[in-house]
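Heads up: the sequence lines are chains A and B, in that order. For the first sequence, our numbering begins at 23 and goes up steadily by one. For the second sequence, our numbering begins at 23 and goes up steadily by one.
Worth double-checking, as some hints may not be accurate.
The list cannot tell twin chains apart, which means a pair is met if one copy fits it or any two copies do.
Said to hold, decoys possible - As a list, the in silico DMTMM-like pairs of lysine to aspartate or glutamate whose alpha-carbon atoms are at most 25 Å apart: (1) K305 with E336; (2) K134 with E375; (3) K194 with D398; (4) K290 with E424; (5) K114 with D339; (6) K374 with D115; (7) K249 with D291; (8) K305 with D334; (9) K436 with D372; (10) K305 with E424.
Simulated from the structure, these hints should not be mistaken for lab results.
Protein chains: 2
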Amino acid sequence: MNLETQIVKMAQAAKVAARQVALISSTEKNRALQRLSQAILQNSDFLKKENEQDLKAAAKSNLPSALVDRLLLNNKRIQAMADSLHETVRLKDPIGEVLETYRRPNGLLIEKVRVPIGVIGIIYESRPNVTSDCIGLCLKSGNAVILKGGKEAAHSNRAIFSVLRKALTKTKIPGQAVQLIDSTDRQAVHILLKLNRYVDLLVPRGGEELIRFVAEHSLIPVVKHYKGVCHTYVSANADLNMAHKICFNAKVQRPGVCNAMETMLVHKDVASRFLPTMIYDFKNAGVEIRGCPLTRRILKTGVKAATEKDWDEEYLDLILAVKVVHSLREAVDHINTHGSQHSDAIVTDDKKEAAHFLKSVDSACTYVNASTRFTDGYEFGFGAEVGISTDKLHVRGPMALEGLTTYQYQIHGKGQIRV
Amino acid sequence: MNLETQIVKMAQAAKVAARQVALISSTEKNRALQRLSQAILQNSDFLKKENEQDLKAAAKSNLPSALVDRLLLNNKRIQAMADSLHETVRLKDPIGEVLETYRRPNGLLIEKVRVPIGVIGIIYESRPNVTSDCIGLCLKSGNAVILKGGKEAAHSNRAIFSVLRKALTKTKIPGQAVQLIDSTDRQAVHILLKLNRYVDLLVPRGGEELIRFVAEHSLIPVVKHYKGVCHTYVSANADLNMAHKICFNAKVQRPGVCNAMETMLVHKDVASRFLPTMIYDFKNAGVEIRGCPLTRRILKTGVKAATEKDWDEEYLDLILAVKVVHSLREAVDHINTHGSQHSDAIVTDDKKEAAHFLKSVDSACTYVNASTRFTDGYEFGFGAEVGISTDKLHVRGPMALEGLTTYQYQIHGKGQIRV
């Protein structure tokens, strides 16, 4: 069977299974997820053994150590995978929730009811835990899932998948509801992107290049974020002590993630008071500063000149672009022009200014007096997330269980006809 | 200026204007819409004069009379356009609504707030009233809009647009918030489809061919429905008198629209009781019947044989496909296989059966004991609609004012940082 036939067959099977999963009760779904969680723990030796093959291949091909670290499965991480599946059991089942009810003058009762989307495709890179996390979230929300992991983690993904697929045979959930595209042929992704007849939604997770490729070539709707160029604006009305703590946290606490701050904007009236100690602390934490001309004038030494390119950059590293602005308006314009519509914050004690910032910044999450680092499914109280969306349609911000659902209008009549 | 530069400039201007419209109060938006409504009435002679040119061109090119009728602007239709804008004033402004509030253990207050999408592109065919209707709905929901109408209505669209654009100068809404792509060059649509940097959402309205073209080539997210292949299933547990009325209404009341019934499914146990009088009445109303072998056996004469193609057909005409099925399951499978995920109904007195049908049919709107003809923004109580969506993401079913909005998380802190 050639690759295309194989993937089409998978997608067809997933579509049939999706209709079955949609009808399974919360109790049965939870029982199944519990079994999957146990199966991960019971097979930890097997998982580690298979993982070693990926690690060996990574060593051979001189993969950067950060990437090798992402691949690694040890006891702690296997426990975390099992915990994450277990956690899914405790999340409220979104399916069947009546979102709105309309009673029409002609007596029709219209209920807007939350239902599964159908078949979800997840395209991801090196972390093998995505395999089990996404299976858990998709099944809990009544969907089928097709997984396409990165080739670096091929052995690990196959192992996790086979353990979970086998465990499903002892549950009410049909095995066909989870599918793994096991080919490392890049053509496999091309084929998947065209299967809009069977797949309802694609979520690509990984680097900007992968995501752009998927978004540009997919016939299936895609939920995504390209990058996180997050800003913090320190207003003239800011509590500078609070601003200091928030900016430090947003940049330094975990610089390699999408909700970390990449550009700090500071109002000119407080720049000479705020910047020296702030930058001093950043430098002590190993942060490289790239500043606008005004920033460099205030700080005199030790600040590289920012280029135009710096304002659009997602460093994912201990590097920070700094710009002094003349007004709230300039700050908002800068964010709307150079940002990535992810997470942006203002530090201010002026409520009117805060309200204007929240409304004017065109991002998924806008903050007043808090670190952008909170943009996260767990931090929002949504539970595990499939990803963050900077799209404006369907789901925006952390994409958790509800993001894997849609709705349907169910209309109850007594013989009404249209006149 | 070449066509591409021209359209890009329009889109850029719309994007800037969208940020302004997003901040305008309900009162000011309503005042503006009131002015637009008046302007339509005050310029009715001009609109009719320009419309004549389209009608002349249509006569020259021998356009079918149904299409010519769609083009026509008379006093009644001009009044309807003004009324529709006026109606928009009375709709509740969706912007700023707090959809959900989360207070986190660390004190963060997360508000999920309804906000405009930004720039909406509408691609449509011959009806000129779409121009004013969509301007009204997009502005009320705080968006900018780019319109691309059909070439048959070019003069009418240009006239309506110029009247409304001029009227905007006397309001708080920037004129740039409404844009009309005035070229009849088909290339214009190609160019628009690639402007995902500026345009946030496309809604194509028209024939299946146009919509498929847009969906396949767009880099911008699209909300759409290809066609409406709607079913009514007459169960063995149906009140056959009610079933008769519902089926007749769903097929005959207005056969040329997407929520009309195209296929009637009948359970075998009631087929010989139900079909003869039903088909007799259909025939008296001029409906051509295409039946499955069992249908033809029961009715003996006057029923064409349905081919496999008939089950997928959107006739938009007085033609009906009829199939006798052996079970609820066969009915559901037929609908999920051949339907268009639009609107499908069951007639039954059995509550369990009804509940199973509602959950199992994968369509935007599922009905029990009512005509599928109710799938409509006004009938649902949503007001005017931009279209019907059979997509599963963002909006499903009638797409009215709320379908033109998204949400944003606005997070209020007191200096919280992530630990």
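If the cut is 25 Å between Cα atoms, do K290 and E424 qualify within a copy, between copies, both or neither? neither (42 Å within a copy, 40 Å between copies)
With 25 Å as the alpha-carbon cut-off, assign the pair K114 and D339 to within, between, both or neither. So K114 and D339 fail the 25 Å test inside a copy (36 Å) and across (46 Å) alike.
At most 25 Å between alpha carbons: which applies to K134 and E375, within, between, both or neither? Classified as between: cross-chain Cα gap 19 Å, same-chain 37 Å, threshold 25 Å.
Between copies, within a copy, both or neither: which fits K194 and D398 at Cα up to 25 Å? neither (32 Å within a copy, 38 Å between copies)
As a check of your reading, is K305 near D334 (CA-CA no more than 25 Å) within one copy, between copies, both or neither? within (22 Å within a copy, 66 Å between copies)
Taking 25 Å as the upper bound on the Cα-Cα distance, should K436 and D372 be classified as within, between, both, or neither? Between copies only: 13 Å across, 56 Å inside.
Within a copy, between copies, both or neither: where do K374 and D115 come within 25 Å Cα-Cα? The answer is between: 22 Å across copies meets 25 Å, while 39 Å in one copy does not.
Checking K305 and E424: alpha-carbon separation at most 25 Å within a copy, between copies, both or neither? Neither, since 41 Å and 47 Å both go past 25 Å.
Have a look at K305 and E336 and pick one of within, between, both or neither, based on CA distance no larger than 25 Å. within (19 Å within a copy, 67 Å between copies)
At most 25 Å between CA atoms: does that hold for K249 and D291 within a copy, between copies, both, or neither? neither (31 Å within a copy, 59 Å between copies)
The structure fails hints 3, 4, 5, 7, 10 (numbered hints given earlier, in ascending order).
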